[in-house]
Amino acid sequence: MKVLFFGISKDIVGKSEMEISDLTKKTTVNDLKNYLKDEFPEFSNLTSFAVAVNSEYAKDDVSLERNDEIAVIPPVSGG
Amino acid sequence: MKVLFFGISKDIVGKSEMEISDLTKKTTVNDLKNYLKDEFPEFSNLTSFAVAVNSEYAKDDVSLERNDEIAVIPPVSGG
Amino acid sequence: MNKKIVEIVDTINTSQVYAELSHPHSGGICVFVGAVREFTNNEEVVALEFETYKSMAIKELDKIAEEAFEKWQLNAVVLQHAVGAKKVEEPVVVVGASSAHRSECFEACRFLIDTLKERVPIWKKEIFKNKSVWVSAHP
Amino acid sequence: MNKKIVEIVDTINTSQVYAELSHPHSGGICVFVGAVREFTNNEEVVALEFETYKSMAIKELDKIAEEAFEKWQLNAVVLQHAVGAKKVEEPVVVVGASSAHRSECFEACRFLIDTLKERVPIWKKEIFKNKSVWVSAHP
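Chains as they are written, first to last, in my numbering: chain X, 10 to 88; chain L, 10 to 88; chain S, 11 to 149; chain A, 11 to 149.
It should be emphasised that the hints constitute simulated quantities derived from the structure, not laboratory data.
Treat the hints with caution; some may be incorrect.
According to the in silico footprint, chain A covers these stretches of chain S (three or more CB under 8 Å from chain A) [what the hints assert, rightly or not]: (1) 46-52; (2) 130-137.
Under the rule of at most 20 Å between Cα atoms (straight-line distance), these lysine-lysine pairs were calculated in the PhoX-like manner [to be verified]: (3) 24(X) x 64(A); (4) 68(X) x 73(A); (5) 11(L) x 73(S); (6) 64(S) x 96(S); (7) 69(S) x 14(S); (8) 96(S) x 69(S); (9) 46(L) x 68(L); (10) 68(X) x 141(A); (11) 141(A) x 19(X); (12) 13(S) x 68(L); (13) 24(X) x 135(A); (14) 24(X) x 68(X); (15) 64(A) x 11(X); (16) 69(S) x 68(L); (17) 69(A) x 13(A); (18) 19(X) x 135(A); (19) 13(A) x 96(A); (20) 135(S) x 19(L); (21) 64(A) x 19(X); (22) 24(L) x 135(S).
This structure is a prediction, so every number in the text was calculated from the model and none was measured.
Here a beta-carbon is modelled for each residue, glycine too, at the ideal position from N, C-alpha and C.
Using the sequences and the hints given, assemble the complete structure.
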């Protein structure tokens with residue numbers, strides 16, 4: 010599963026795109042968040058972070074499909 | 010006493026400037042307003058009108074001096 | 011240093027307002043532009059004609075700017091009003107303020123246009139196909 | 011016909027915003043420009059660096075514009091955000107709305123910038139002399 014990273018989340022994982030193979034079956038947004046916090050403890054220090062599926066904010070119970078465009082969205086600060 | 014007229018008040022008196030000699034001694038803003046309503050009854054039909062003395066709004070009890078710049082200010086509608 | 015621009019002009023140049031309000035300490039700039047609408051109460055407006063008592067108008071615009079500087083922490087204020095004949099879509103007034111944060115410039119900008127409309131000696135005549143009317147003159 | 015412009019750009023051109031929002035049925039146009047401030051919490055900012063997730067940012071900007079059209083009677087809406095490095099006084103965002111009367115465009119303009127800051131996936135890094143910080147990332 011390919012995941013995109015932006016802003017501080019890109020700095021935490023050290024790249025803007027990552028293939029995550031540990032999560033394959035019936036993975037939800039919540040599973041991905043927990044996986045990232047386990048692998049990169051810095052995620053737990055953020056104010057919060059969201060996950061977008063196909064360019065839309067996705068709730069924790071949304072399932073992730075292989076062809077989805079998945080992105081980690083740290084706290085936004087535009088404007 | 011020279012009085013300036015703008016907007017609809019200019020249309021009512023038919024000119025933008027008028028010498029009023031009937032009012033000479035101890036004339037107040039209120040006296041001028043009453044004089045205008047008497048001479049040009051159309052002034053009574055306006056929503057309201059103010060008088061400015063030397064480019065500042067003046068209250069009814071302000072006295073008018075010969076050298077003052079006096080102006081009739083009908084309801085403003087800028088913007 | 012605060013910047014203040016108060017003017018009665020023949021033509022509003024909206025492309026310069028941003029540069030006039032820009033300031034190194036300002037994170038937010040709010041601008042309001044008033045323009046001629048095609049319809050008033052469903053009647054088609056051909057043009058507007060603005061007249062002013064210029065010396066007094068400048069004094070009042072200046073007072074409004076100073077009041078805004080007292081009420082909010084602002085780095086720059088602009089108040090410009092046009093006079094003469096204006097056609098549909100032409101700008102007739104532009105006001106704006108810049109400040110460190112956005113709340114101040116929004117509140118100040120609203121205050122500037124509301125107060126300008128209440129106090130500044132400028133008169134607007136609406137010209138329709140078959141008549142013309144001094145706005146607000148009659149109840 | 012409503013006009014809607016939502017864009018992620020390299021450079022904000024503030025001189026075009028008025029023309030984009032002008033409309034024959036609009037008597038009022040309200041614009042907010044956000045710019046780089048020299049100081050944040052008394053620390054001197056050298057520059058800001060903006061990054062975005064573009065496809066999602068455009069979708070969110072578009073949703074915000076549509077929400078504004080639903081909430082108020084607007085004739086035109088603009089939402090533009092810049093990306094890349096921006097120096098002090100450079101504009102980074104411009105939002106605006108135009109409507110028949112001024113209340114609507116003021117309220118809508120405030121809604122546009124407030125909602126953009128809450129939701130649109132754009133990240134700002136403040137670059138100081140000796141460090142750089144992703145804004146809002148940490149509590």
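Here's how the hints hold up against the structure:
Counting residues of the stretch 46-52 of chain S whose CB falls under 8 Å from any CB of chain A gives 4; the rule of at least 3 is met. Counting residues of the stretch 130-137 of chain S whose C-beta sits closer than 8 Å to any C-beta of chain A gives 0, which falls short of three, so the coverage hint is violated. Between the alpha carbons of residue 24(X) and residue 64(A) the distance comes to roughly 17 Å, so the proposed pair stays at or under 20 Å and holds. Our distance criterion of 20 Å between C-alpha atoms is met by residue 68(X) and residue 73(A), whose separation comes to about 18 Å.
Using a Cα cut-off of 20 Å, the hinted pair residue 11(L) and residue 73(S) is violated, with the two alpha carbons roughly 26 Å apart. Restraint check for residue 64(S) and residue 96(S): satisfied, since their Cα atoms lie roughly 18 Å apart, inside the 20 Å limit. Taking the CA atoms of residue 69(S) and residue 14(S), the gap is near 13 Å; set against the 20 Å cutoff, the hint holds. For the hint pairing residue 96(S) with residue 69(S), the CA-to-CA distance comes to about 24 Å; that exceeds 20 Å, so the pair is violated.
For a cut-off of 20 Å, the pair hint linking residue 46(L) to residue 68(L) stands: about 17 Å separates their Cα positions. For the hint pairing residue 68(X) with residue 141(A), the CA-to-CA distance comes to about 34 Å; that exceeds 20 Å, so the pair is violated. About 17 Å separates the Cα atoms of residue 141(A) and residue 19(X), which keeps this hinted pair within 20 Å; it holds. Restraint check: the Cα-Cα separation between residue 13(S) and residue 68(L) comes to about 32 Å, which exceeds 20 Å; the hinted pair is violated.
Proximity of residue 24(X) to residue 135(A) is assessed by CA-CA distance (about 17 Å); at most 20 Å being required, the pair is judged to hold. Straight-line distance between C-alpha atoms of residue 24(X) and residue 68(X) comes to about 24 Å, which puts the hinted pair past the 20 Å bound. Straight-line distance between C-alpha atoms of residue 64(A) and residue 11(X) comes to about 17 Å, which keeps the hinted pair within the 20 Å bound. About 17 Å separates the Cα atoms of residue 69(S) and residue 68(L), which keeps this hinted pair within 20 Å; it holds.
Distance restraint check for residue 69(A) and residue 13(A): the Cα-Cα separation of roughly 17 Å lies within the 20 Å cut-off, and the hinted pair is therefore satisfied. Between residue 19(X) and residue 135(A), the direct Cα distance comes to roughly 13 Å. Compliance with the 20 Å bound is thereby established for this hinted pair. Note on residue 13(A) and residue 96(A): the hinted pairing is violated, with a Cα-Cα distance of about 28 Å set against a maximum of 20 Å. As the CA atoms of residue 135(S) and residue 19(L) are separated by approximately 13 Å, the hinted pair is consistent with the 20 Å bound.
Distance restraint check for residue 64(A) and residue 19(X): the Cα-Cα separation of roughly 15 Å lies within the 20 Å cut-off, and the hinted pair is therefore satisfied. A C-alpha spacing of about 17 Å is found between residue 24(L) and residue 135(S), which places the hinted pair at or below 20 Å, so the restraint holds.
Checked against the numbered hints given earlier, the structure breaks hints 2, 5, 8, 10, 12, 14, 19 and satisfies all the rest.
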